[in-house]
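*Asks:* Going line by line, the protein sequences match chains A and B. Using the numbering used here, the letters of the first sequence correspond one by one to residues 236 to 470. Using the numbering used here, the letters of the second sequence correspond one by one to residues 3 to 542.
Some hints could be false.
Derived SDA-like pairs (lysine to any residue); straight-line CA-CA distance at most 20 Å [said to hold, decoys possible]:
{"hint": "1", "chain 1": "A", "residue 1": "Lys301", "chain 2": "B", "residue 2": "Phe537"}
{"hint": "2", "chain 1": "B", "residue 1": "Lys295", "chain 2": "A", "residue 2": "Asp316"}
{"hint": "3", "chain 1": "A", "residue 1": "Lys350", "chain 2": "A", "residue 2": "Ile409"}
{"hint": "4", "chain 1": "B", "residue 1": "Lys530", "chain 2": "B", "residue 2": "Ala302"}
{"hint": "5", "chain 1": "B", "residue 1": "Lys530", "chain 2": "A", "residue 2": "Glu306"}
{"hint": "6", "chain 1": "A", "residue 1": "Lys328", "chain 2": "B", "residue 2": "Ser298"}
{"hint": "7", "chain 1": "B", "residue 1": "Lys289", "chain 2": "A", "residue 2": "Ala362"}
{"hint": "8", "chain 1": "A", "residue 1": "Lys350", "chain 2": "B", "residue 2": "Lys291"}
{"hint": "9", "chain 1": "A", "residue 1": "Lys341", "chain 2": "B", "residue 2": "Lys534"}
{"hint": "10", "chain 1": "B", "residue 1": "Lys341", "chain 2": "B", "residue 2": "Lys431"}
{"hint": "11", "chain 1": "B", "residue 1": "Lys289", "chain 2": "A", "residue 2": "Glu322"}
{"hint": "12", "chain 1": "B", "residue 1": "Lys289", "chain 2": "A", "residue 2": "Ala338"}
{"hint": "13", "chain 1": "A", "residue 1": "Lys350", "chain 2": "B", "residue 2": "Phe314"}
{"hint": "14", "chain 1": "B", "residue 1": "Lys534", "chain 2": "A", "residue 2": "Tyr321"}
{"hint": "15", "chain 1": "B", "residue 1": "Lys303", "chain 2": "A", "residue 2": "Ala338"}
{"hint": "16", "chain 1": "B", "residue 1": "Lys103", "chain 2": "B", "residue 2": "Gln13"}
{"hint": "17", "chain 1": "A", "residue 1": "Lys341", "chain 2": "B", "residue 2": "Ser300"}
{"hint": "18", "chain 1": "B", "residue 1": "Lys291", "chain 2": "A", "residue 2": "Asp359"}
{"hint": "19", "chain 1": "B", "residue 1": "Lys105", "chain 2": "A", "residue 2": "Asp316"}
{"hint": "20", "chain 1": "A", "residue 1": "Lys328", "chain 2": "B", "residue 2": "Lys290"}
{"hint": "21", "chain 1": "A", "residue 1": "Lys373", "chain 2": "B", "residue 2": "Lys289"}
{"hint": "22", "chain 1": "A", "residue 1": "Lys341", "chain 2": "B", "residue 2": "Lys295"}
{"hint": "23", "chain 1": "A", "residue 1": "Lys349", "chain 2": "B", "residue 2": "Asn399"}
{"hint": "24", "chain 1": "A", "residue 1": "Lys310", "chain 2": "B", "residue 2": "Asn399"}
{"hint": "25", "chain 1": "A", "residue 1": "Lys407", "chain 2": "A", "residue 2": "Gly418"}
{"hint": "26", "chain 1": "A", "residue 1": "Lys441", "chain 2": "A", "residue 2": "Asn271"}
{"hint": "27", "chain 1": "A", "residue 1": "Lys301", "chain 2": "B", "residue 2": "Ser541"}
{"hint": "28", "chain 1": "A", "residue 1": "Lys310", "chain 2": "B", "residue 2": "Lys295"}
{"hint": "29", "chain 1": "B", "residue 1": "Lys389", "chain 2": "A", "residue 2": "Tyr337"}
{"hint": "30", "chain 1": "A", "residue 1": "Lys328", "chain 2": "B", "residue 2": "Phe314"}
{"hint": "31", "chain 1": "A", "residue 1": "Lys385", "chain 2": "A", "residue 2": "Ala338"}
{"hint": "32", "chain 1": "B", "residue 1": "Lys389", "chain 2": "B", "residue 2": "Ala535"}
By construction, these hints were calculated from the structure, which means they are not laboratory data.
Listed below are the residues making up each chain.
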Amino acid sequence: MLTINNLTKRYGNKTAVDNLTLHIAPGEIYGFIGHNGAGKTTTIKACCGIIGFDGGEILVDGVSIKENPIECKKKFAYIPDNPDLYEFLSGIKYLNFVADIYAIPKSERNELIKKYADMFELTDSLAEPISNYSHGMKQKLAIISALIRKPNLMILDEPFVGLDPKASHLLKEIMAELCKNGGAIFFSTHVLEVAEKLCTKVAIIKDGKLVISGDTAEVIGNASLESVFLELEAE
Amino acid sequence: MFKTLLKINIQSLFLSMFSNGKGKEKKQKKKSPLMLVLIGLLAIYIVVCLIGSVALMFSPIAEVFGTIPDLNWLYFALAGIMVFLLTFVGSVFSTQNLIFKAKDNELLLSMPVPTLYILASRVASLFVLDLFYAAVMAIPMIGVYIYHHGFSLSLLAFYIIGILLIIVFSAAVTAFCGWAIALVSTKFKKSNTIQLILSVGFFMAYMVFAMNMQEYLQKLLTNGETIAAAVKKAMPVFYWFGKACTDGELASIVLLAVTAIIPFILGCMLISKSFIKIATAKKSANKKKYVAKELSASSAKVALLKKEFARFFSMPMYILNSATGGLMLILFAVIMTVKGDEMGLDMLFVAAPEVTELIPLIIAAVIGFCSAMCNPAASSISLECSKINVLRSMPINSDDFFFAKYAVNFTVGFVPMTVAFVFIAIGFKLEALTLVALFVSAVSFLALTSFINLTANLMMPKFSWQNEMVVIKQSGAVLIAMLAGIAATATLYAPAYWLTDYISVEAYFFIQSAVCIALCFGFIKFYKTSGKARFERMSA
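Let the sequences and hints guide you as you build the complete structure.
*Replies:* This is the structure:
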């Protein structure tokens, strides 16, 4: 569903991502782990067509993000690490804006918004301007705006930051459900316990290079993801 | 600690003016020396024009009052009033954003930094901003006085000290007003509307004052003594300033210093008491509960346009700064219509037909200048800030993205232009063909300047900022857009002065419209190719 082949991204002389290859198949929840500045967000932004790259190829459902960005972007939903939304809009207006961009039929959008807003207990606040929202509420709104697109692929950058335990649990359930229905999820996280429990596959990146990737069980063996990560970091 | 805070604030205000803020990518490109020279030359041109026009306006006053021993202080009092007004109007509505709405307020409040330091550093940067406004008025006014009456070291010293104290006084009053506006804003749900009405009211009052300046100066020349008595009684601060300059009275400058510095300190202390409350306030505690209703669906293009309009109307600062031209245009048209007869327009039409031939050209140039001052697109890309990443991750094509920003700019110029045309049609009694040609010319020129504004921001986006005000008021893109707009006005309308000897003014307008439309097509081609490529490289 998401194919990253030999991705290389340079900023001047610095190579932020170096020849990275990852394949995320339908039904997989793929955790992307690495220290700060390892290249996770750069990889995610490249996958979403936010930044260009110097080498390699990224395909979403076989479509190149470089060659056909608009077609690709219709296939996934992205949630950034910082839910910086349009504060001058109300929650409902923001969701309607996203629904317009993704051409969600009028008949469906009300239903989808109600379903997810109720789920994340945000319905009552939808009329409020986003400027009045807390960080967690903004994160919930960003998640709802992603879910109403009914994406097959979700690309998330640190999605659990700022969520309360209930919303966090709910998001994990939704992620699992999406994958059960043939979707896929690629997300970065620093919460290794979550990655260990939730992900079917994990990849660890260090200084822009892929250190290890594969089935979570195979990668961690008898140890924990935390000990594997720390060991690889120390090398 | 205070020095560090001040440095950061000033950096945020000025030094990053031309930074494109594209993070790591920006290291790859530097501005070409030619671009920097052009920017410099344009900036010098504008400063010279501004200072020159002030000098010309005040030269006769300086000449007359400098020779009247008992009234020569009035000229300096007038300089003080002008500096105070300019700095006050220039920064009163920036204050709320600069002091209370800065994005780093919470970060700084979490640090072991005394609130008074945060506040004082913000007010000090306001002072620095005011210095630039004051210079436009203060430099030419002392210049013409020295030109007419000779140089004296004590005069210059007292003048500089006095002007600095007046700026302190103005900063104190401005900070106090900003605090009051911010306090009101926390109480009302529709605070933006209130703020907008206040802003437009202030601006209109200032414009009316500026447009009637010549009349006031005339009255000053004929009723000097009466006005001097009134200033001495009602505005002693400016009287002390005048006396210090002309008579070198130390006592006057001390009185001025006390009057300026004490309110400044008291103001800072007062504001610091409620700074945390205002800076961290959420608007209105009464939550509006959402009631589900059928949502309207639009195309992506319309959705982006609606979002752009929502942003425009959500920020009074944005409206006031980027729609200045529209307000000026309406004011110009209304004054000319209402006071046209009084100003002798009717008589002019009859007495000097050769001059009246120039009237459509003058109107066109005024409209062109005002169009150039309507520039929301010059900062709308920068205002996306980090949200540009979310937009870029969506299936949005560059045409729709640019169209939304362009359309807002065009509409913001077009609506007041149409209103103004109604008044122009009534007030100037132009022939139907002339009026149509003028309208076509104005609309096509607005179409062009809207492209210029958008392109300036596309070439110089600034996605990293602490405060929207920096982007809206002081970013390089806005400055370049304004200068380019003025240059376009001069280039496209000045030739008419000579060419209308050979062709009719209507023909000139149609030719000029054709040139504007051709240039617009050039821009459209640019946005389909290079512009699109730039959009695809955009990230915060």
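*Asks:* Each hint should be assessed against the structure and marked as holding or not.
*Replies:* Status of the hints after comparison with the structure:
With a C-alpha separation of about 14 Å, the suggested pairing of Lys301 of chain A with Phe537 of chain B holds against the 20 Å cut-off. Annotation: proposed proximity of Lys295 of chain B to Asp316 of chain A is violated, straight-line Cα distance about 31 Å (limit 20 Å). With a C-alpha separation of about 12 Å, the suggested pairing of Lys350 of chain A with Ile409 of chain A holds against the 20 Å cut-off. Restraint check for Lys530 of chain B and Ala302 of chain B: satisfied, since their Cα atoms lie roughly 18 Å apart, inside the 20 Å limit.
With a C-alpha separation of about 18 Å, the suggested pairing of Lys530 of chain B with Glu306 of chain A holds against the 20 Å cut-off. About 10 Å separates the Cα atoms of Lys328 of chain A and Ser298 of chain B, which keeps this hinted pair within 20 Å; it holds. With a C-alpha separation of about 9 Å, the suggested pairing of Lys289 of chain B with Ala362 of chain A holds against the 20 Å cut-off. The hinted pair formed by Lys350 of chain A and Lys291 of chain B meets the criterion: a straight-line CA distance of about 17 Å does not exceed 20 Å.
Taking the CA atoms of Lys341 of chain A and Lys534 of chain B, the gap is near 30 Å; set against the 20 Å cutoff, the hint is violated. Under the criterion of a C-alpha separation no larger than 20 Å, the hint pairing Lys341 of chain B with Lys431 of chain B is consistent with the structure, at around 14 Å. Distance restraint check for Lys289 of chain B and Glu322 of chain A: the Cα-Cα separation of roughly 16 Å lies within the 20 Å cut-off, and the hinted pair is therefore satisfied. Restraint check: the Cα-Cα separation between Lys289 of chain B and Ala338 of chain A comes to about 30 Å, which exceeds 20 Å; the hinted pair is violated.
At roughly 31 Å between alpha-carbon atoms, Lys350 of chain A and Phe314 of chain B are farther apart than 20 Å, so this suggested pair is violated. Between Lys534 of chain B and Tyr321 of chain A the alpha-carbon distance is near 23 Å, which puts this suggested pair outside the 20 Å criterion. Restraint check for Lys303 of chain B and Ala338 of chain A: the C-alpha separation of about 11 Å stays at or below 20 Å, so the hint holds. At most 20 Å may separate the alpha-carbon atoms for a hinted pair to count; Lys103 of chain B and Gln13 of chain B meet this at roughly 17 Å.
The straight-line distance between the Cα atoms of Lys341 of chain A and Ser300 of chain B is roughly 9 Å, inside the 20 Å bound, and the hint therefore holds. For the proposed pair Lys291 of chain B and Asp359 of chain A, the alpha carbon gap of about 5 Å is at most 20 Å, so the pair holds. Proximity of Lys105 of chain B to Asp316 of chain A is assessed by CA-CA distance (about 18 Å); at most 20 Å being required, the pair is judged to hold. Of the supplied pair hints, the one linking Lys328 of chain A and Lys290 of chain B holds, its CA atoms being roughly 14 Å apart against a limit of 20 Å.
With a C-alpha separation of about 16 Å, the suggested pairing of Lys373 of chain A with Lys289 of chain B holds against the 20 Å cut-off. Between Lys341 of chain A and Lys295 of chain B the alpha-carbon distance is near 12 Å, which keeps this suggested pair within the 20 Å criterion. Straight-line distance between C-alpha atoms of Lys349 of chain A and Asn399 of chain B comes to about 29 Å, which puts the hinted pair past the 20 Å bound. Between Lys310 of chain A and Asn399 of chain B the CA atoms are separated by roughly 15 Å; this keeps the pair inside 20 Å, and the hint holds.
The suggested pairing of Lys407 of chain A with Gly418 of chain A holds, with an alpha-carbon distance near 14 Å, which does not exceed 20 Å. Taking the CA atoms of Lys441 of chain A and Asn271 of chain A, the gap is about 9 Å. The hint holds against a cut of 20 Å. Pair hint Lys301 of chain A plus Ser541 of chain B holds up; C-alpha atoms about 15 Å apart against a cutoff of 20 Å. The suggested pairing of Lys310 of chain A with Lys295 of chain B is violated, with an alpha-carbon distance near 28 Å, which exceeds 20 Å.
Between the alpha carbons of Lys389 of chain B and Tyr337 of chain A the distance comes to roughly 17 Å, so the proposed pair stays at or under 20 Å and holds. Restraint check for Lys328 of chain A and Phe314 of chain B: the C-alpha separation of about 15 Å stays at or below 20 Å, so the hint holds. With a C-alpha separation of about 12 Å, the suggested pair Lys385 of chain A and Ala338 of chain A falls inside the 20 Å cut-off, and the hint holds. Simply put, Lys389 of chain B and Ala535 of chain B have alpha-carbon atoms about 19 Å apart, close enough for the 20 Å limit, and the pair holds.
The structure shown violates the earlier hints numbered 2, 9, 12, 13, 14, 23 and 28.
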